[in-house]
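Chains A and B, in that order, are what the protein sequence lines are. With the first letter of the first sequence counted as 1, position 142 gets the number 1150 in our numbering; the numbers rise by one all the way through. With the first letter of the second sequence counted as 1, position 254 gets the number 573 in our numbering; the numbers rise by one all the way through.
Just so you know, the hints here were simulated from the structure itself, not pulled from any lab data. Heads up, a few of these hints could be off.
Unchecked claim - Covered stretches of chain B, as calculated for chain A (at least 3 residues, CB under 8 angstroms):
1. 463-475
2. 485-494
Stated by the list, open to error - In silico DSS-like links for lysine-lysine, alpha-carbon gap of 25 angstroms or less:
3. A:1090 - A:1122
4. A:1117 - A:1105
5. B:485 - B:329
6. A:1090 - A:1117
7. B:410 - B:485
8. A:1117 - B:485
9. B:555 - B:570
10. B:485 - B:325
11. A:1226 - A:1020
12. B:570 - A:1117
13. A:1090 - A:1046
14. A:1090 - B:485
15. A:1105 - B:562
16. B:562 - B:329
17. A:1090 - A:1020
18. A:1105 - A:1090
19. B:485 - A:1105
20. B:485 - A:1119
21. B:562 - B:325
22. B:555 - B:485
23. A:1090 - B:570
24. A:1122 - A:1105
25. A:1105 - B:329
26. A:1090 - A:1055
27. B:483 - B:325
28. B:483 - B:410
29. B:555 - A:1105
30. A:1119 - B:483
31. B:483 - A:1122
32. B:562 - A:1117
33. A:1020 - A:1046
No residue lacks a Cβ here, since even glycine has one placed at the ideal position from N, Cα and C.
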Amino acid sequence: MEQLEQQLKRKKHISLQGVSKSFGDHMVLQEIDLEIEKGEFVAIVGKSGCGKSTLLRLIAGLEQVNKGTIIMNGEALTQLNKYARMMFQDGRLLPWKRVIDNIQIALSKEKEVKAIETLYHVGLADRRHDWPRNLSGGQKQRVALARALVHDPELLLLDEPLGALDALTRIDMQELIEALWNDRGFTAILVTHDVEEAVAIADRVLLIEEGRISLDQKINLPRPRRRTQIEFSLYVEEILARIMNRKPYKEHIVKKPIQTVSV
Amino acid sequence: MMPRIKGSSKQLIPWLIPGLILVGWQFLSWLGFIPQRILPAPLEVLQAAITLLSTGELYEHILVSLGRALAGFLIGGSIGFLLGLFNGISKYSELLLDTSIQMLRNIPHLALIPLVILWFGIDETSKIFLVALGVLFPIYINTYHGIRSVDRDLIEMGRAYGLKGKSLFFTVILPGAMSSILVGVRFSLGVMWLTLIVAETISTHVGIGYMAMNAREFMQMDVIVLSIVLYALFGKLSDIIAKYFEGRLLKWNN
Chain A
1009 MEQLEQQLKR
1019 KKHISLQGVS
1029 KSFGDHMVLQ
1039 EIDLEIEKGE
1049 FVAIVGKSGC
1059 GKSTLLRLIA
1069 GLEQVNKGTI
1079 IMNGEALTQL
1089 NKYARMMFQD
1099 GRLLPWKRVI
1109 DNIQIALSKE
1119 KEVKAIETLY
1129 HVGLADRRHD
1139 WPRNLSGGQK
1149 QRVALARALV
1159 HDPELLLLDE
1169 PLGALDALTR
1179 IDMQELIEAL
1189 WNDRGFTAIL
1199 VTHDVEEAVA
1209 IADRVLLIEE
1219 GRISLDQKIN
1229 LPRPRRRTQI
1239 EFSLYVEEIL
1249 ARIMNRKPYK
1259 EHIVKKPIQT
1269 VSV
Chain B
320 MMPRIKGSSK
330 QLIPWLIPGL
340 ILVGWQFLSW
350 LGFIPQRILP
360 APLEVLQAAI
370 TLLSTGELYE
380 HILVSLGRAL
390 AGFLIGGSIG
400 FLLGLFNGIS
410 KYSELLLDTS
420 IQMLRNIPHL
430 ALIPLVILWF
440 GIDETSKIFL
450 VALGVLFPIY
460 INTYHGIRSV
470 DRDLIEMGRA
480 YGLKGKSLFF
490 TVILPGAMSS
500 ILVGVRFSLG
510 VMWLTLIVAE
520 TISTHVGIGY
530 MAMNAREFMQ
540 MDVIVLSIVL
550 YALFGKLSDI
560 IAKYFEGRLL
570 KWNN
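Hey, can you work out the whole structure from these sequences and the hints?
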């Protein structure tokens, strides 16, 4: 019995219990309850300013909660989340360090081989001696991704990392992130304003509205997902409609898994 | 876009104007348009330089002046750098010190000459003190400003990746402030020579400034002009050194 309980506990990788966060008088997140399993890919969508990035930063330990607790691997989070690595919207590479040194910023020198290996996985091993300013936007984000993954994080936090990229590069990056997630089995939380991106990549899409989770939608589509699938468009449309119209739905829109239609 | 200029002409073009002025000056002196009493011809200045070099006198003056400049720069520069560092990093240090430093900064340091002479007499200490004082503030301001304006997002990224204390400072904060610090260094090198020139004319028995003042007593126009030329050359030299460091430390930006 105890063992089973332990197992259940372990399966819950991250759990948020009644988490609230405010900046001054402005309430950003209210009473958030959320459980994320190990290896799950969760996307958080919502209008800008809805608090989705703040939620991510709370889980990263970059901000502290005002109320409630965040439990990671069974421990309450009180400071920087050591299991997590964050990838930021603007990449945040250090312009004065070459690509390889950017990846190694918090890594011991002996791990250079590993750094090069990780760079290889994102397809940029041959650019390791370049300065970040000589890379394109997409390449910078690849380096940022490698920098996060080189630490073998259990949890990868992605804060709109593809927001500034052009459409083609974005799809490229989504596929890369999905492939690496498949390979390595980390838990991932992606904050994005692009619903299509969320449906393409995540097991589960959360919608945050006015500081609360107003939708928690499992995406039951086999991978690799094709954007031309009808079910794909249905998911996207339903979630978008939910965001834009704010119809007072009491239940989830897509209640049952959609029947697969042969195309 | 400026057109690309080939290597050798890139080296030569900046010296075109100084060269033309020298040739014109020499020519006008030959023709007698510039009287000897007002301004000696370049060749005479060169002659004076060679004479003074052969006796070893010029060498000593230059060495002493360079020593003063360097000592003052190192002392004032380090103090300014450290103060800028502390005030840039620590809010308490800034609250405690910044107001006082800003008040002192606005006193022209050369106005302190009478006081400095009374404090330290007329020997080396007073000159080094003046140079150090002049150099301190530009370095302080730029270091402080540089550290305060390091991208907060990069610092947060560093923290999120587990950097803290020393490693955060050397990986993110110092490199981020470096371009501003080097602007301060470059500016303070100018202040360094200016201060030294004035300080060396006060009262001394060796140094380029002394050489000029001494030559005035004997109406040696060529030596006076020579010392001015030396200051100009040193100014250019320190600029080259500053540029070299900018090229090395900021090569990611070129």
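Inset, instruction - Compare the distance between the alpha carbons of residue 1105 (chain A) and residue 562 (chain B) with 25 angstroms, and conclude whether the hinted pair is satisfied. - result: holds, 20 angstroms
Inset, instruction - Compare the distance between the alpha carbons of residue 1105 (chain A) and residue 329 (chain B) with 25 angstroms, and conclude whether the hinted pair is satisfied. - result: Roughly 30 angstroms separates the two Cα atoms, so the pair is violated.
Legend entry - Restraint status (C-alpha distance of residue 562 (chain B) to residue 325 (chain B) at most 25 angstroms): At roughly 20 angstroms apart (the allowed maximum being 25 angstroms), residue 325 (chain B) and residue 562 (chain B) satisfy the hint.
Inset, instruction - Would you mind confirming whether the straight-line C-alpha gap from residue 562 (chain B) to residue 329 (chain B) stays at or under 25 angstroms? - result: holds, 16 angstroms
Legend entry - Hinted pair residue 1122 (chain A) and residue 1105 (chain A), Cα distance within 25 angstroms: Holds, at about 18 angstroms.
Inset, instruction - Would you mind confirming whether the straight-line C-alpha gap from residue 555 (chain B) to residue 485 (chain B) stays at or under 25 angstroms? - result: violated, 36 angstroms
Legend entry - Restraint check for residue 1117 (chain A) with residue 485 (chain B), where alpha carbons must lie at most 25 angstroms apart: This hinted pair holds, its Cα atoms lying about 17 angstroms apart.
Inset, instruction - For the pair we were handed, residue 485 (chain B) and residue 1105 (chain A), check the Cα-Cα distance against 25 angstroms. - result: Between residue 485 (chain B) and residue 1105 (chain A) the Cα gap is close to 17 angstroms, so the pair holds against 25 angstroms.
Inset, instruction - With a cut-off of 25 angstroms on the C-alpha distance, tell me whether residue 1119 (chain A) and residue 483 (chain B) pass. - result: Roughly 20 angstroms separates the two Cα atoms, so the pair holds.
Inset, instruction - Take the C-alpha atoms of residue 1090 (chain A) and residue 1046 (chain A), compute the straight-line distance between them, and say whether it is at most 25 angstroms. - result: Within the cut-off at roughly 16 angstroms; holds.
Inset, instruction - Starting from residue 1020 (chain A), check that the Cα of residue 1046 (chain A) is at most 25 angstroms away, please. - result: Holds, at about 6 angstroms.
Legend entry - Satisfaction of hint between residue 485 (chain B) and residue 1090 (chain A), Cα-Cα up to 25 angstroms: Measuring from Cα to Cα gives roughly 19 angstroms; hence the hint holds.
Checked against the numbered hints listed earlier, the structure breaks hints 5, 10, 22, 23, 25, 26, 27, 29 and 32; every other hint is satisfied.
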